[in-house]
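Sequences listed follow chains A and B, in order.
Numbered per numbering that gives the first Met the number 0, the first sequence spans residues 0 to 193.
Numbered per numbering that gives the first Met the number 0, the second sequence spans residues 0 to 431.
Hints are computed from structural coordinates only; laboratory data are not their basis.
We treat Cβ as the ideally placed atom computed from N, Cα and C, and that holds for glycine.
One or more of the hints may lead you astray.
Pairwise CB distance ranges (calculated) [unchecked claim]:
hint, chain 1, residue 1, chain 2, residue 2, range
1, B, GLU357, A, GLY137, 54 to 60 Å
2, B, ASP297, A, ARG4, 50 to 56 Å
3, B, ILE346, A, GLU65, 50 to 56 Å
4, B, THR420, A, ARG161, 46 to 52 Å
5, A, ASP168, B, ASN236, 41 to 47 Å
6, B, LYS240, A, LYS100, 50 to 56 Å
7, A, GLU128, B, GLU357, 53 to 59 Å
8, A, ARG4, B, SER209, 55 to 61 Å
9, A, ASP143, B, ASP27, 37 to 43 Å
10, B, ARG58, A, GLY59, 49 to 55 Å
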Amino acid sequence: MSQNRITGKVYVVGDNVDTDQIIPAKHLVYDTHSPEERKLYGKYAMSGVPEEKSGLPEGGVKFIKEGTFESEFPIIVGGKNFGCGSSREHAPLALQVAGVKAVVAQTYARIFYRNSVDGGFLKPLESVENIFKSFSTGDHVEIDLDANKITNKTSGKSFELRPLGDAADIINAGGLFAYARKIGMIKSKAEANV
Amino acid sequence: MGMTITEKILAGHSGKDRVVPGENVWIDVDVLMTHDVTGPGTISIFRKEFGKDARIWDRNKVVVIPDHYIFTEDQHAKRNVVFLRDFVKDQQIENFYDVGTPDYKGVCHVALPEEGYTRPGDVLFGTDSHTCTAGAFGEFATGIGNTDAAFILGTGKLWVKVPQTMRFVFNGKMPDYLMAKDLILRIIGDIGVDGASYAAMEFAGEAVYSLNIEERMTLCNMVIEAGGKNGIIAPDNETEKYVKARTNKPYKPVQNDPDAEFASELKYDTAKIVPLVAKPHSPENVEAAERLSDVKVDRVYIGSCTGGKLTDFKAAAKILNGRKTAVDTFIVPATTDVEKGLEKEKIGSKTLLQIFKEAGTRIGHASCGACLGGPEDTFGRINGEEICVSTTNRNFPGRMGSKKGQVYLASPLTAAATALTGKITDPRKFLA
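The following block holds chain A by itself, in its conformation from the complex:
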C-alpha cells in the first residue's frame, strides 16, 4: 500500500482530549528506551479518557483490550484542541506504541502537535471541519494524504483535510533529527558515530 494512504478502524473521541487522558501522569515512570517497559505506554494509552466518553457516544469502548499492548484502532478522530495540557512527549509516544498511525482533529494543542512532528511518532492531521460526530468507533476509514481527504468507508462520506503546511518537511523527513541531518545542520549518524 502507498505510504500516503492510511486505512483501518477508527477510535472516536471529542473536543479537548488532554494529555492526562492520553497517558495518565502515574504512568510517566517507565523507561521509554527499554523495549519491555516501552510496551506499557501502549497498554495504558488513552486510559485516562472517562468511561462515559471512551469511544463516544455512549462510551465504554476500550482503546486497548484488557491484557493487550496494542490497539485495534490505528486511526483516532477527535474534535478541537486535541492533546492540550502537559508537554509530555509520552502522549504521542504512547499512541505510536499502541499502533496509532494518524490522529485527525480539527485543531491541536501546540506542544502535542510539535511533539508528534518533531519526534516522528505519528501524523497529526487537521480536518477543515469538526468531524468527530460523523464517525463511530469501529468504522472503517481511509486517509488519503495526497488528496488531503479522510473517508468513512462505513458511511461512504468524505471530509477535507488541511495540507500539512510548513510542518511537512519535518514530517516527511521522519522527525526533527532526520530533518536537521537532511539540511546539514547536524552531523549524519555515521559522522557522529552513533
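Go by the hints and put chain B onto chain A.
Just chain B now, with coordinates in the frame of chain A:
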C-alpha cells in the same frame, strides 16, 4: 511596523533585524530546564542521536530540577532521579538541585526564578508545559517535549514559529479580594481553552503592574491553559529588583515598540471582576465563586507552581488566621525557600506555619505534590471520588489522581475561605 516584546526577543536570538508572526526561525537558547519526569527520556534521545560520548552544548546553560515524583516509594519514579544524577555527573552540570541534599528546591517553575535563571530578554525552554511561567520576567519562555529538548542539548538551538501577540489589559486598581488567579481564569473563561492557540499572551494595565513578581508568575503560568505559546509581561522596576537580587548575569530588557502590532486587545475593568472558580473538568468552565455556594467539597489543596508561592500562602493565612478548617486542607509549598518562608513570615505575632497548624491543615514538603496526581502514595492525591477546591492550574478528568474526583480551580483566598466552610465560598465573606 514595530515589533512586540516576543517578536523582538525572537528576532534578537535568531540574528535577524525583524521577524513577523507565522515565520519559522532557528533561535539560540539561553537556558534549558528539565526535571525528573521528562529528563530521562530527553537524555535517552540525546544519547541515541548524538552518540553516547556526546557532550552537551553548554553545561552552564542546562538546569536540572527534580520536582515531580519526590516523596514516593514508587521504584520507577525513584529511578528517574538516579537517571538524572548519572547524566549530571557525566556532563558536569553544576545547576542540579538533587533530592535529599541541601540543594533540593522543589517545583522547577518557582525554583528557576529563585535561583536567578529567569532574566528579561532571554530565551528559556523547559520540558514542562508550565515553563511559560517565566514570561513574568519579560522573557520568551515555553514548554517543549523530549525530542526538542534533546536537540537543544546537542546544538543550543531550536526552531520556533513566531507567535502573534494577543494583549490583555487590566485597567484600574487590583481589589484586595482578587488575585492573579482570578484574572487569568476570567480570560480563560472568556476566550476558552484554545482561545490563544499558538499565540503569545501579553498582560498589561495598572492592575497587572501593581502585582508582585509571584502574582505575575501565576498569570503567565496559565497561558498554556488557553493554548498560549508563551505569556509575557513587560519588565519594570519590580522585575529588575527581583532579578538583580538573584543573579549577576547580564541581560537586556526588551519593551514593545511604540508601533508594535497586536493580533487582538481585550480590556478589563478590574474592579468589575469577582472571585472566580473553574468547575470540573476544564479551566474554561468559569463561574463566580458566590454563585457556587451550595457546592460541598471534601478537601482543599493549596500548592503547586500556580498556587504554592509565599504570596499564595500569605493570602491563605490572612483568611485562616485564628479560624479552624472544616474539611481536609493540604498545604504544599512549591519550594524549600517557600517552606522556610512559612516559618519566617508573620501575621501579627504568628508565623504562617503556626496559623496553618492551628487551623488544622496538613502540611507537606516542597514538590509538585498532587497537582498532577502522580504515584498513588502522593501527599494530597485524589484516590477516590473526592471533590476538591485547588489552587493548581488544571482540572482535567483524573488530573489530581482518580478519574472519579472533581477539581474546582480557585485562588488561594477562595480556597482558604472554602476550607473554613466546607462549601465553595467567596473570600469577601472573610475579608470584611
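Consistency of the hints with the structure:
For the pair B/GLU357 and A/GLY137, the supplied restraint of 54 to 60 Å holds, since their beta-carbon distance comes to about 58 Å. A beta carbon spacing of about 51 Å between B/ASP297 and A/ARG4 agrees with the range 50 to 56 Å that was offered as a hint. Evaluation of the 50 to 56 Å hint for B/ILE346 and A/GLU65 yields a pass: the beta carbon distance comes to about 54 Å. A hinted range of 46 to 52 Å for the beta carbons of B/THR420 and A/ARG161 is consistent with their spacing of about 50 Å.
Between A/ASP168 and B/ASN236 the beta carbons are some 44 Å apart, a value that agrees with the proposed interval 41 to 47 Å. For the pair B/LYS240 and A/LYS100, the supplied restraint of 50 to 56 Å holds, since their beta-carbon distance comes to about 53 Å. Taken as a hint, the range 53 to 59 Å holds for the pair A/GLU128 and B/GLU357, whose Cβ atoms sit roughly 58 Å apart. For the hinted restraint 55 to 61 Å between A/ARG4 and B/SER209, the CB-CB distance of approximately 58 Å keeps it satisfied.
The hint said 37 to 43 Å for the Cβ distance between A/ASP143 and B/ASP27, and at roughly 40 Å that hint holds. Separated by about 51 Å at the C-beta atoms, B/ARG58 and A/GLY59 satisfy the suggested range of 49 to 55 Å.
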